[in-house]
Amino acid sequence: MTTTTDILTLAAAGGIEPGAGLTMLVPVLTLLGTLLCGLCAAFKVKSKLPAWLSVACLAGSFVAIAATYADLGHQQRLAHGFEWINFSYTGTDGQPVTFKANFAFYIDSLTLLWMLFVTGLATLIALYASEYMSHDQGTGYCRFFAAFNLFVFSMACLVMGDNLLLLYLGWEGVGLCSYLLIGYFYTRPSAVAAAKKAFIMNRIGDLGLALGIMLTFVHFGSVEYAVIFEKARPYIDALKAGHLDEIPLVASFIPILLMIGAFGKSAQLPLYVWLPDAMEGPTPVSALIHAATMVTAGVYLIARTYPLFLLSDVALPIVGWVGASTALLAATIGMAQFDIKRIMAYSTVSQLGYMFAGLAVLSPVGGASHVFTHAFFKAMLFLSCGAVMHGFAGQLDLRKLSGLFRMPGWKVVSVAMLVGCLNLAGFPLITAGYWSKDIILAEAFVNMPGVGWVLLITAGLTAYYTFRVFFRVFMGPTHYEPGDEVHGHDAHGHGDAHGHDHGHAHHDDPHGHGPAVTATAHDPHAGHDFHPHAPGWAINTVLAVLALASFAIVPLMLTGEHHGWAGGMVEHSSAAYHTVGTSGYLEAAHGHGPHDHGHTHGHDHDHDHGQAHGTFLGMDPHKVMYYVSGVVGLLGIAAAFWLHLAGRTSAASSRADALVPAMGPLAGWARGKWFVDEFYDALIVKPLWVISHIFHVIDTLIVDGLVNLVGWVPRALGGVLRPSQSGQLHGYAAGMAGGLALLLIIVLWVTLR
Amino acid sequence: MEGSFGILSAMIFTPLVFAGLVALRPTREAKYVALAGTLLAAALGLVAATQFNWTNGDTHQLASSAPWIPALGVSLSFAADSVSFSLILLTLLLGPICVACSFTAISGRERTYYAWLLVLQAAMTGVFAARDLVVFYICFEFTLIPMFILISLYGSTNRKKAAIKFFLYTFTGSIIALAGLVYVAWTHASASGAWTFDVDTLERAARATLSRSEQAWVLLALMLGFAVKVPLFPFHTWLPLAHTEAPTAGSVVLAGVLLKLGTYGIYRFVLPMCPLAVVDYAPLIATVSIIGILYGGLICWVQRDVKKLVAYSSVAHLGFCILGMFALNSAGLRGSILYMINHGLSTGALFLLIGMMYERYHTRDMRELGGLAAKMPVWATFMVFFTMASVGLPGLNGFVSEFMCLMGVFQASPNWASGACTITGDATPGATFGGVLGPIYAAVAGVGMIVAAMYLLYMVGRVVWGPLVEPHHHHHDADTPSLPPDLTPREIAILIPLAASCLWLGVYPKPALDALRAPVEQTLRIIHKANGTLPAPVLDVPAEFRDAPPAGREEGTR
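Sequence order for the protein chains is A and B.
Residues 14 to 766 (this note's numbering) are what the first sequence spells out, left to right.
Residues 20 to 577 (this note's numbering) are what the second sequence spells out, left to right.
Derived by calculation from the structure, the hints in this document are not laboratory data.
Predicted model, so just to flag it, every value in this text is computed and none were measured.
Treat the hints with care, since some could be wrong.
[Claimed, not checked] Pairs of lysine-lysine residues, derived as DSS-like cross-links and limited to a Cα-Cα distance of at most 25 Å, are as follows:
hint, chain 1, residue 1, chain 2, residue 2
1, B, Lys180, B, Lys394
2, B, Lys394, A, Lys61
3, B, Lys327, A, Lys699
4, A, Lys686, A, Lys699
5, B, Lys327, B, Lys394
6, A, Lys59, A, Lys354
7, B, Lys180, A, Lys59
8, A, Lys424, A, Lys354
9, A, Lys57, B, Lys327
10, B, Lys179, B, Lys394
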């Protein structure tokens, strides 16, 4: 137990361990960025200064993290900042107990993996936003970048915090920034509503997380990871030895509660409905917060506290099935939408489902690898969509855009979009997305075959809807209609223009049998008045860098010990280290590696559905999944090609329209997002609204009415006794004096008795 | 405790002196004299804060005492422990803010207004500083008259009704509390043969002589009185009315300090006087608090008057405060006391902001107002900031106290300590002794966090965000001094100290948490010793608090 004491002494001593000092720069720089942007707003700066300040601060943060990684590699360090919520009290044994949640960082490879892509992407996306948001230069621009920096600060606290409460600070902090940025176009009611919805839905999850943190403290006596993991070690040892019954029932509630928080933040069933609406925010925000980083916080939480998730034998199976169901549900919705940004939003929900399933079936390795690759290609997809939106005056309807690939000035965007789509579709061998998805699929078939099948079907659907977007918007005959923001296309997103766009989509829904409906409503501006606004250098540079990066990480997926570089980062973190040998999955994952601690066949404590080693139609999933997932991806692309590109002559319609009637109500239901929002509204929001009104009426009539009744009696008596009393104030002053007199009389009576 | 140095008395009497000055000087000087008085009191507070020994926060410091009615043992004695002193500092901070926020809002009868505002501040400081029950009660009651005048003379349309209701309701409550306090004094006098109203003596006497059922009666009397003041569901209906009708400074004082007289009274008198009954009634009081949290929160959600919304939010927020207190452990109790301060800061600031908005638009109806961010960006920034403090966003003050209250309640399950939750049969490491609540209470109350986000973001969504909506009759009419669309430097200067305090208590609450440790642990020792739930090795109660005749008598009464 020397490690225990070492870690505890270190944690108690405070200070910054060698090599971890630079990480402290991240919160400092991002807060500085926030402050400077705030000052820019105060001094009414109209230039792009806030953007450059932000890029500089964020790039500095990235360099600090990269240097820390170069220095530390897979080592673990603590860095103590200052004491936050830190108090001592007398415990049950009479000894002092300390609740310690300091502003301190726990740096290991899992932390660094997350921080590398968070700060890296934040820098790139800030650069992109410098151009994208330029229509709003002035206070709006400052506000945007201030919140952007504050977001990265919160994300740093979330990821690097050495305790669950600092994670919670970051957790709610990113929620605040998300709220502020979704509601960036605050004059638009839909944006305000979406922002509010995101915050409240997240709060539901946050309650679970908060209770989980409390239970963790009560059960382990600490909220610091280093201490919790040590205190959980006996339980893990008991699991390894097959004594599941040695784990107290209470402890198994910890992962269940934490999981609720993760489902909220990472938009999983049943709390996913806020994420598609969050697309009301500016596209760089969607790319960074609602695709690449913040929404993966749930995955991070589970990966970070993975040892705790082993304490319950139902926790991980729930995570797996929730993830798989969300993946499938979101994919079916994505197939039926026309707004390309919404499609990407649903694909984010769906891919997050993959990550959760990956966490459940393997260990954090698969989930985290997919987080890493997804961050790149999904940011790229959103930024490409944003470039289209920017250039075509807010147009996002795939029925009104076609053949962008052949238009001048759109090459970089088109290629970036293609690369992103290939990754998302899991195009075999050359894309990082294929490799990370493959890890999850193979392990899913080994450990939870049901989940595996759902994910495999989803993979096909994903490839289809991804390339549906690409083939419709970027390929085929060249045609475009500008969006409603045509008057001064630089000012996209202002006023209610975007709202109109969605208004259209809603109008279509009732008739909703095919995209051809709006083709007749040809925009008079198309063709002559309107000139698409091709992206400038900042947007093109960022897209090019991301496209190259997404290829550059392919070798990273293939190097390293087992599951590539990202997987290695996870395997060397607390997430895997403490769990080695506890389950069949890890055994599979580590079977031929240096972490092989011998085979522990004796038990399979969690989510064993009767097959310790599942197969794919009788074959070893590890061997065949490369081919199977590749083929499924290609099939999806082929279907999209046949239905949406081959022989298509107009932007508005395609061969797929013919299929819609054949699917009966299903297509309409999917387009209506399975009416989950309406369901929640009817089942929860409306009843609560009614109850609140009833409470209000009760409060006024009954609770207050009784008071008035009681008050009426003496007033009536007083009216009888002194009918001509003038000035009520005197009456009450007299009453008070009477009270004091009463006190004195009682006292005197008692004394003189 | 040499009691000659009277800086604490100076803090109480300075506003009184300046109230006299306000009355004597010409009207146009009234506001400046009042500001000078409150600033001087605040400066005294800062000086005292540096002299205060925060580490030994349980000792009574800055004490002064003068005999008043020797025959009855009444003395004019003041002293503060760290709990009292924190609340005094809050009062002193809000003093100048309340004066400064009235500069443009109050026109006409200014001398009366500022004089009573100063008297109110003196009375509130006196409540927190009093170490004599009669002084406490006089100050407690004396807060009513200034507040009654502020509401009934300077309030809005329905002010008469609101003022009368406020006065009658809280007055009736405090008469009941008085009965309880007098009963305690009387039992002591009849046992010892001499009258005293010294708080410490009476507290010791109460827990030494009162039987369990007597304690229950005293608790009920005191709770009834203080619950009206807090206000605890279902005694809250005077509050929305009083808040809505009061002038801005009145609302700020009401939310910031006056409500805390109730919670402070519970902390100061109920817990140490009835330690047995407190444990018996904790589940009931906790349940009522939780009902208040959810019921008050949901009612907020359907308000149309933005000031009424914030007023009802006090019902919900103070539910958390009382809930944390009855966790009867360190986290809960410290969270509860911090909650008193934090609620004063953030809700006080929200009332200020609504007042600033009202001065410009003369309406508080959310159907007539909207999207003010476009017109008043600085105001909107502060509004979002203080809303987030009120929602309990980590990093701001509200979170620390809310989390600690809930955590205290979560810890306060007898099961954690009993060893039923570990394999070894030991208490879990994070257990506390003697609690009677538990995770279920915390989970249900926690739903209040979600509800708080619902109503506060609803408010911000209507008033701050959205398309700009201004009332039709709105124009800068001549009868009020015209204000610029956005905040003036004076208004920003009012808000900055509050914002800075919110940030400080949210980012670095350590000093406050440490300062509250000693008095809270002291109170806990008293309660749990009486109940026999104190773990054996805990250090004994310091001599100054030791129950006068040692253990035997106390044992006898159980």
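Do the hints match the structure? See the list:
With a C-alpha separation of about 34 Å, the suggested pairing of B:Lys180 with B:Lys394 is violated against the 25 Å cut-off. Under the criterion of a C-alpha separation no larger than 25 Å, the hint pairing B:Lys394 with A:Lys61 is consistent with the structure, at around 23 Å. Distance check on the hinted pair: B:Lys327 and A:Lys699 sit about 22 Å apart at the alpha-carbon level, within 25 Å; holds. This hinted pair checks out: A:Lys686 and A:Lys699 have alpha carbons roughly 19 Å apart, not beyond 25 Å.
This hinted pair checks out: B:Lys327 and B:Lys394 have alpha carbons roughly 23 Å apart, not beyond 25 Å. A hinted pair counts as satisfied when its Cα atoms are at most 25 Å apart, and A:Lys59 with A:Lys354 does not qualify at roughly 29 Å. A distance of roughly 52 Å separates the Cα atoms of B:Lys180 and A:Lys59; the hinted pair therefore is violated under the 25 Å criterion. For the hint pairing A:Lys424 with A:Lys354, the CA-to-CA distance comes to about 20 Å; that is within 25 Å, so the pair holds.
With a C-alpha separation of about 35 Å, the suggested pairing of A:Lys57 with B:Lys327 is violated against the 25 Å cut-off. With a C-alpha separation of about 34 Å, the suggested pairing of B:Lys179 with B:Lys394 is violated against the 25 Å cut-off.
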